[in-house]
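Going line by line, the protein sequences match chains E and L.
When the letters of the first sequence are read in order and numbered with the working numbering, they come out as residues 866 to 1171.
When the letters of the second sequence are read in order and numbered with the working numbering, they come out as residues 2 to 159.
What the hints contain is simulated information worked out from the structure, not anything from laboratory work.
Mixed in with the good hints, there may be bad ones.
Claimed, not checked - Simulated pairs of lysine-lysine, BS3-like, Cα-Cα distance not exceeding 25 Å:
hint : chain 1 : residue 1 : chain 2 : residue 2
1    : L       : LYS94     : L       : LYS37
2    : L       : LYS13     : E       : LYS947
3    : E       : LYS1026   : L       : LYS124
4    : L       : LYS98     : L       : LYS37
5    : E       : LYS940    : E       : LYS1009
6    : L       : LYS138    : L       : LYS114
7    : L       : LYS124    : E       : LYS940
8    : L       : LYS30     : L       : LYS98
9    : E       : LYS893    : E       : LYS1068
What the hints assert, rightly or not - Not close to chain L: a few residues of chain E, all C-beta gaps over 10 Å, as computed:
hint : residue
10   : GLU874
11   : GLY931
12   : SER933
13   : LYS947
14   : GLU972
15   : THR974
16   : ARG976
17   : LEU977
18   : SER982
19   : GLY992
20   : GLN995
21   : TYR1027
22   : ASP1139
23   : ILE1171
In this text the structure is predicted, and so the values were computed from the model without any measurement.
Positions of the beta carbon are idealized from the N, C-alpha and C atoms, including for glycine.
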Amino acid sequence: MKKDLISMEDLTLSEVNDYLVTAAKVEKTPLEERVKLLPGRIMAALFFEPSTRTRLSFEAAMHRLGGSVIGFAAKDATSVSKGESFTDTIHTVESYSDILVIRHPGEGTGRLAARESFLPVINAGDGSNQHPTQTLLDLYTIQKDLGKIEGLKIAFVGDLKYSRTVHSLIRALMMFNVTDFTLVAPESLRLPSHFMRTDQPGKFTFRETEHIEEAIRTSDVLYMTRIQRERFPDILEYEKVKDSYVLTAEMLEQAQDHLRVLHPLPRVNEIAYDVDKTKYAGYFPQARNGVIMRQAIILKHLGESI
Amino acid sequence: MKNTEQMQMIPKIELGIVIDHIPAGQGIKIMEIISKAEDMKDVALSLGLNYESQKLGRKDLIKLQMEYLSPEIIQQISIVVPGVTIKAIKNFKVHSKVVVQSPKEIRNLLECKNPNCITNSEKHVETHFTALEENCKRVRCEYCERVFDLKELHALVD
Chain E
866 MKKDLISMED LTLSEVNDYL VTAAKVEKTP LEERVKLLPG RIMAALFFEP
916 STRTRLSFEA AMHRLGGSVI GFAAKDATSV SKGESFTDTI HTVESYSDIL
966 VIRHPGEGTG RLAARESFLP VINAGDGSNQ HPTQTLLDLY TIQKDLGKIE
1016 GLKIAFVGDL KYSRTVHSLI RALMMFNVTD FTLVAPESLR LPSHFMRTDQ
1066 PGKFTFRETE HIEEAIRTSD VLYMTRIQRE RFPDILEYEK VKDSYVLTAE
1116 MLEQAQDHLR VLHPLPRVNE IAYDVDKTKY AGYFPQARNG VIMRQAIILK
1166 HLGESI
Chain L
2 MKNTEQMQMI PKIELGIVID HIPAGQGIKI MEIISKAEDM KDVALSLGLN
52 YESQKLGRKD LIKLQMEYLS PEIIQQISIV VPGVTIKAIK NFKVHSKVVV
102 QSPKEIRNLL ECKNPNCITN SEKHVETHFT ALEENCKRVR CEYCERVFDL
152 KELHALVD
C-alpha cells in the first residue's frame, strides 16, 4: 500500500523514530553512493504558493538521490490559473511522476491529494495547518545537535499563536517526553491553550513569560520565530513588541555551553547577525538537515531502503 | 387514559417505519430533517407528541408509510437525536429494529466552517468529519484538522 506523509498527528512515536533513523543513515552514506539510489525516478513538486526554501530543499534532496524533478513554483504558471480544479491537477501530474510533493495555501490539500492519488503524497505545507517535513527536520536537528530529545528544556520565542511550525513541534516533542517548555511571547501572540492540553496532567510544564532572558539561561534549545507585522490588528502594538525578541550575541553570554539556537527561516531581525558566528547558531545547519531529512522521506515513501 | 389507548391516536401500520423513543420535543426536529429530503415529499407521515414512555417519561413518535429510510436521513437523525429506535414494520409487526447511535464519522453532510479549508473551494469533494468524543459533541474536519462543536456545523443540534 502506498504511504503518505500528511500530518504529524498521523504518526506514532515509532514511526517518527523511523524517519530519524533513516535520516541518520542517509547522512552516513557518501554522496557518490546516495546518488545511485533513485535513478530514473521522478518527483513532482507542486507548489501552488511560493516557498523558496522548502521547494529548493526538496529538489536538492531528490537530485542528491539521483532522481529528477518536475513541477511548478507558483500557481500562476499552471492550469489552475485557467480554472482547473486541484484534484484535476493531481490526477494529471500523477501520470508523469512517482511521488507528489505538494505545497498549497488551502488547508487539507495534502489529505485531499493523498485520498485522490495512487501515488505517495508528501505534504510540504497546507496553509496554516501542517508542515510535517519541517517538524521532522527540527526533531532530527535537535537529536543530532544534543544527542537526544527526551528530557531537554526547550524554549520557543516569538509568534507562538500563529506559527504552525511551533504548534507541530511542541506536540511532537511532547511525544518524545520533553516536559519542560518555556514560551516567550507578547501577550497577543501566546500559544493557544489547546496545544498544551494533555491527558497526563502534571507531566508537562509550560512556563509563559514575556522575557527572553530566563529562557536563554535555562534552555537547551532556543527555537526562534519571526513576528509578523500583519498579525497585529494594532500597528502600535507591533511597534511595542517587535524589538523585544531580538536575540544578540551579547545576550547569549548568559547561555549554557551547549545551547542551540534554531529557526525555521527566513529570519527578519529576530536574530542579530552577530549570533551567526557564535557556537550557538544552529539554524543554517538546520536548513542543511532539511535536505537530509527530505531524502530520508522520499526514500521511505518510494519504498526504498538504505 | 392508558398508554395503549393513547397509542391508537396514530393508527397501526401494516408496512412502514416507526421512529420511536424520541425524547419529547425532539420529534419536530426529525420532521424537519425528513421534510427537507426530496425523496420523502410524497410519504404519508404521522407525528405523535408527548406520549407516555416508561423509558423516557415522555416521548415523541413518528410513523412513515415507506419501506426503507435512506442512510442519509438516518445519518442526520444520528447526529441530531441520537438514541432513537428505528423499527421496520411488516404485517403490523416489528420486523427489525435498530437503535441509532451517535456517529463516529460524518460524511458529505456538514460544511467546514474554516473558509480556508479545501473542501470549501473544491465543492465536489465530500466533507468528512470524525467525532472526538463518544457523544459526537465535538468533531474534527479530516481535511483541515480544525475542531468544531457539532452545533456550530448543524442548525438542528443543540
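Against the structure, the hints come out as follows:
no. : hint                 : verdict
1   : L:LYS94 / L:LYS37    : violated (28 Å)
2   : L:LYS13 / E:LYS947   : violated (60 Å)
3   : E:LYS1026 / L:LYS124 : violated (30 Å)
4   : L:LYS98 / L:LYS37    : holds (24 Å)
5   : E:LYS940 / E:LYS1009 : violated (36 Å)
6   : L:LYS138 / L:LYS114  : holds (16 Å)
7   : L:LYS124 / E:LYS940  : holds (19 Å)
8   : L:LYS30 / L:LYS98    : holds (21 Å)
9   : E:LYS893 / E:LYS1068 : violated (36 Å)
10  : GLU874               : violated (7 Å)
11  : GLY931               : holds (33 Å)
12  : SER933               : holds (28 Å)
13  : LYS947               : holds (15 Å)
14  : GLU972               : violated (4 Å)
15  : THR974               : violated (5 Å)
16  : ARG976               : violated (5 Å)
17  : LEU977               : violated (5 Å)
18  : SER982               : holds (13 Å)
19  : GLY992               : violated (5 Å)
20  : GLN995               : violated (7 Å)
21  : TYR1027              : holds (13 Å)
22  : ASP1139              : holds (38 Å)
23  : ILE1171              : holds (31 Å)
When the structure is compared with the earlier hints, violations turn up for hints 1, 2, 3, 5, 9, 10, 14, 15, 16, 17, 19 and 20 and for no others.
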